[in-house]
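Chemist: Listed here are the chains, written in short residue letters.
Number of protein chains: 2
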Amino acid sequence: MNDFTFYSPTKFIFGREAIDAVGGELSRRSLRKALIVYGGASAVRSGVLARVKASLDANGVAHEEMGGVRPNPELNEVRAGIALLRASGCDCLLPVGGGSVIDCAKAIAFGAGYDGDVWDFFDGKAKITGCLPIAVVLTLPAAGSEGSASCVISNDAISAKRGVGADSMRPTIAFMDPETTFTLPPYQTASGVTDMIAHICERYFSGQGAAAVTDAIATSLIRTLIASAPKALVDPKDYEARAAIMWAGTLAHNDLAGCGLASSAKTRAGGWESHALEHELSAIDPKITHGAGLAVVMPAWMRYVVDADSARFAAFGREVFGIVPADASQEAIKAAASETIDRLQAFFVSMGMPRSLKEFGLEESVIDRLLDGLEKSKGRVFGAFKPLGREDARAIYEIAFKN
Amino acid sequence: MNDFTFYSPTKFIFGREAIDAVGGELSRRSLRKALIVYGGASAVRSGVLARVKASLDANGVAHEEMGGVRPNPELNEVRAGIALLRASGCDCLLPVGGGSVIDCAKAIAFGAGYDGDVWDFFDGKAKITGCLPIAVVLTLPAAGSEGSASCVISNDAISAKRGVGADSMRPTIAFMDPETTFTLPPYQTASGVTDMIAHICERYFSGQGAAAVTDAIATSLIRTLIASAPKALVDPKDYEARAAIMWAGTLAHNDLAGCGLASSAKTRAGGWESHALEHELSAIDPKITHGAGLAVVMPAWMRYVVDADSARFAAFGREVFGIVPADASQEAIKAAASETIDRLQAFFVSMGMPRSLKEFGLEESVIDRLLDGLEKSKGRVFGAFKPLGREDARAIYEIAFKN
Numbered sequence: 001m002n003d004f005t006f007y008s009p010t011k012f013i014f015g016r017e018a019i020d021a022v023g024g025e026l027s028r029r030s031l032r033k034a035l036i037v038y039g040g041a042s043a044v045r046s047g048v049l050a051r052v053k054a055s056l057d058a059n060g061v062a063h064e065e066m067g068g069v070r071p072n073p074e075l076n077e078v079r080a081g082i083a084l085l086r087a088s089g090c091d092c093l094l095p096v097g098g099g100s101v102i103d104c105a106k107a108i109a110f111g112a113g114y115d116g117d118v119w120d121f122f123d124g125k126a127k128i129t130g131c132l133p134i135a136v137v138l139t140l141p142a143a144g145s146e147g148s149a150s151c152v153i154s155n156d157a158i159s160a161k162r163g164v165g166a167d168s169m170r171p172t173i174a175f176m177d178p179e180t181t182f183t184l185p186p187y188q189t190a191s192g193v194t195d196m197i198a199h200i201c202e203r204y205f206s207g208q209g210a211a212a213v214t215d216a217i218a219t220s221l222i223r224t225l226i227a228s229a230p231k232a233l234v235d236p237k238d239y240e241a242r243a244a245i246m247w248a249g250t251l252a253h254n255d256l257a258g259c260g261l262a263s264s265a266k267t268r269a270g271g272w273e274s275h276a277l278e279h280e281l282s283a284i285d286p287k288i289t290h291g292a293g294l295a296v297v298m299p300a301w302m303r304y305v306v307d308a309d310s311a312r313f314a315a316f317g318r319e320v321f322g323i324v325p326a327d328a329s330q331e332a333i334k335a336a337a338s339e340t341i342d343r344l345q346a347f348f349v350s351m352g353m354p355r356s357l358k359e360f361g362l363e364e365s366v367i368d369r370l371l372d373g374l375e376k377s378k379g380r381v382f383g384a385f386k387p388l389g390r391e392d393a394r395a396i397y398e399i400a401f402k403n
Numbered sequence: 001m002n003d004f005t006f007y008s009p010t011k012f013i014f015g016r017e018a019i020d021a022v023g024g025e026l027s028r029r030s031l032r033k034a035l036i037v038y039g040g041a042s043a044v045r046s047g048v049l050a051r052v053k054a055s056l057d058a059n060g061v062a063h064e065e066m067g068g069v070r071p072n073p074e075l076n077e078v079r080a081g082i083a084l085l086r087a088s089g090c091d092c093l094l095p096v097g098g099g100s101v102i103d104c105a106k107a108i109a110f111g112a113g114y115d116g117d118v119w120d121f122f123d124g125k126a127k128i129t130g131c132l133p134i135a136v137v138l139t140l141p142a143a144g145s146e147g148s149a150s151c152v153i154s155n156d157a158i159s160a161k162r163g164v165g166a167d168s169m170r171p172t173i174a175f176m177d178p179e180t181t182f183t184l185p186p187y188q189t190a191s192g193v194t195d196m197i198a199h200i201c202e203r204y205f206s207g208q209g210a211a212a213v214t215d216a217i218a219t220s221l222i223r224t225l226i227a228s229a230p231k232a233l234v235d236p237k238d239y240e241a242r243a244a245i246m247w248a249g250t251l252a253h254n255d256l257a258g259c260g261l262a263s264s265a266k267t268r269a270g271g272w273e274s275h276a277l278e279h280e281l282s283a284i285d286p287k288i289t290h291g292a293g294l295a296v297v298m299p300a301w302m303r304y305v306v307d308a309d310s311a312r313f314a315a316f317g318r319e320v321f322g323i324v325p326a327d328a329s330q331e332a333i334k335a336a337a338s339e340t341i342d343r344l345q346a347f348f349v350s351m352g353m354p355r356s357l358k359e360f361g362l363e364e365s366v367i368d369r370l371l372d373g374l375e376k377s378k379g380r381v382f383g384a385f386k387p388l389g390r391e392d393a394r395a396i397y398e399i400a401f402k403n
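Chains as they are written, first to last, in this note's numbering: chain A, 1 to 403; chain B, 1 to 403.
Careful: at least some of the hints might be erroneous.
Which residues of chain B face chain A? A partial, calculated answer using Cβ under 8 Å [to be verified]:
hint: 1; residue: M1
hint: 2; residue: T5
hint: 3; residue: F6
hint: 4; residue: P9
hint: 5; residue: K11
hint: 6; residue: R16
hint: 7; residue: A248
If you are wondering where the hints come from, they were derived from the structure by calculation, not from laboratory data.
All values reported here derive from a predicted model rather than from experimental measurement.
Every residue, glycine too, gets a C-beta built ideally from N, C-alpha and C.
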């Protein structure tokens, strides 16, 4: 087990009454005016936004709002949010939605106190030193941003999608009512579950060996997701299934599932190869849902790197799918590892996720553009499980097209 | 799944370099003088205390110290600590040890700002409203106090052992180096592991039904403990085993293993019946190690209550021990539940834990005294899995003698 630091200070208020607690919790922290950030019309239609505002009003917390944040939130939305926050005198952020909305709010929260342009943080020109308090109302479980120390923003002008991290951006509170996810369409539900599994896998396959407690938690979270997702897809109002997915999504990404796998106490566990490969897809086409992109790219990455440590994949397959190698031979371990990847991809496909990049309407000719972007964000060589250069990444994208 | 609030803001610094980070972390928080609290000579002999002080000195953090805190810390030690803290002008607590030392420090930390007697908090006469910062150097993994919101103190004058809880007493930081546990004697190691398993079981058998994610985490933690403890007992310097035990002990009691099992967002999950029954033992004889008492009392409690929900015990046995009922009949479920309890007790005994209260030198005639104390701390009826009155508790103690 490697040394690690685990720090997840967010207060999670979970259950059927969670949203009505918003105003009271903000008021108790002496917060006076919240900038509500949300995405499409569903926050309005579902009545969640109205409940949030009613709770704020009842507790004397003023509010301003910024709607229409798109999936894969864009730099200009963040800039507009910072301007609105400053003009309106809000002292905290209140994103209502999923990862895109939360990440937009996070960037506003740490950008608001900075004199330069907020992209400086993503470009490595500035370091995050402070952040306004963030209270999250989660309605789209997927990205785990409600408990995470990270934030991903797209910059369309340069076709880039970049992430930054700092403990100070971990939300102060997250309000999580599984009932608000009853109306999530199947594709969003499946994309979310895929993203959660990817968050766990990125850490599990860190190339840093095993960590008994963390490995046990990681695989138990994935088993629970694999058991719960089909139930939520069959019956979108299955509270237990929705609750399990929602809570697993938080624990998949608040770093609990990486403790002891990191190469150092300072670094998040894992090489985040699949996320890097996927970010280039949605940088090129923001309509590609992050989880759906991962459903294609991650199995392709796994197939390309599995030989670097097939025993690790076999251990994963044993815990998650009950795959028992025929014997202790290297061949049997390799076969079990390969079956593990097949089973994981089959699970994604069974939820309605794509199998090949072709299904996004992309053609193989796009690969060079993807590789250019990848090199800009990750450098010439990246990855922890197995170092990947440009030609390795090309091979992975090719597998993702052939799938 | 029941509604819950999960809040575990402690920063856990885990690994071989953890202790050398003490001074820097305190200094970064502008803490100027720490009251070091420790127990026996082992903190001195092991060199841990010297390393802690060197780290404080190197970072300009002054310190005062209070040694000799006994297992099952006593009210008068807390009172003395409060007086010392006030006289020396310390602004934070730095317990070095296990649950007893940490709990003593916690009581000093929330008692220091209170004008009345600190026992008022345990007696229900006062409510905890504030607490000095607590930084823990954990060297005896067992009680999980390094991440918990609770504190247990004995009052010898009235033969009582009482607990209180409040989020404000959760430690700010915990420094955890598994190497500091290499010198733990087998009995302490086994008692610690038993306590951890009990912390998970008290929540799992909450009488509040299942919660998929939490149940999966809970049983995976216990499986890891059952796999790791024998390794640490055979080779006390097995780093991976010691690390797994240490981290599992924290997660067993920072409330992660209870999310969604509580009857309300305000209450810790579970009825804590075994802890209540055990506290009376160590109130009568402080030499009884908490974990060893639990190793006897918890299986006795389980045998007495199992029929209230044998399916829950069978589900536990399937996940933890791989016990598969012969068929779906009620008899088969009952048999699996019973085998589950047998296997758990056999595991405790295999680690060197006692099987019967007789092994503590107690006689059955003590039961009425235990029941008197129990009624004083828990009232006439207590428990969540199955309500227990005085005669129920008597029957459980009798089983614990007959075992």
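Chemist: Does each hint hold? Answer for all of them.
Modeler: The hints, checked one at a time:
Below 8 Å, beta-carbon pairs count as interface contacts, and M1(B) has one with chain A at about 4 Å; its hint therefore holds. Evaluation of the T5(B) hint against chain A yields a held restraint, the C-beta minimum of about 5 Å falling below 8 Å. With a least beta-carbon distance of about 4 Å to chain A, the hint placing F6(B) at the interface is held under the 8 Å criterion. For P9(B), the suggested interface contact is upheld, since its CB lies about 4 Å from the closest CB of chain A, less than 8 Å.
Checking K11(B) against chain A by beta carbon gives a least distance of about 4 Å; that is within 8 Å, so the hint holds. This hint holds: R16(B) has a C-beta 6 Å from the nearest C-beta of chain A, less than the 8 Å allowed. With a least beta-carbon distance of about 5 Å to chain A, the hint placing A248(B) at the interface is held under the 8 Å criterion.
The structure fails none of the hints (numbered hints given earlier).
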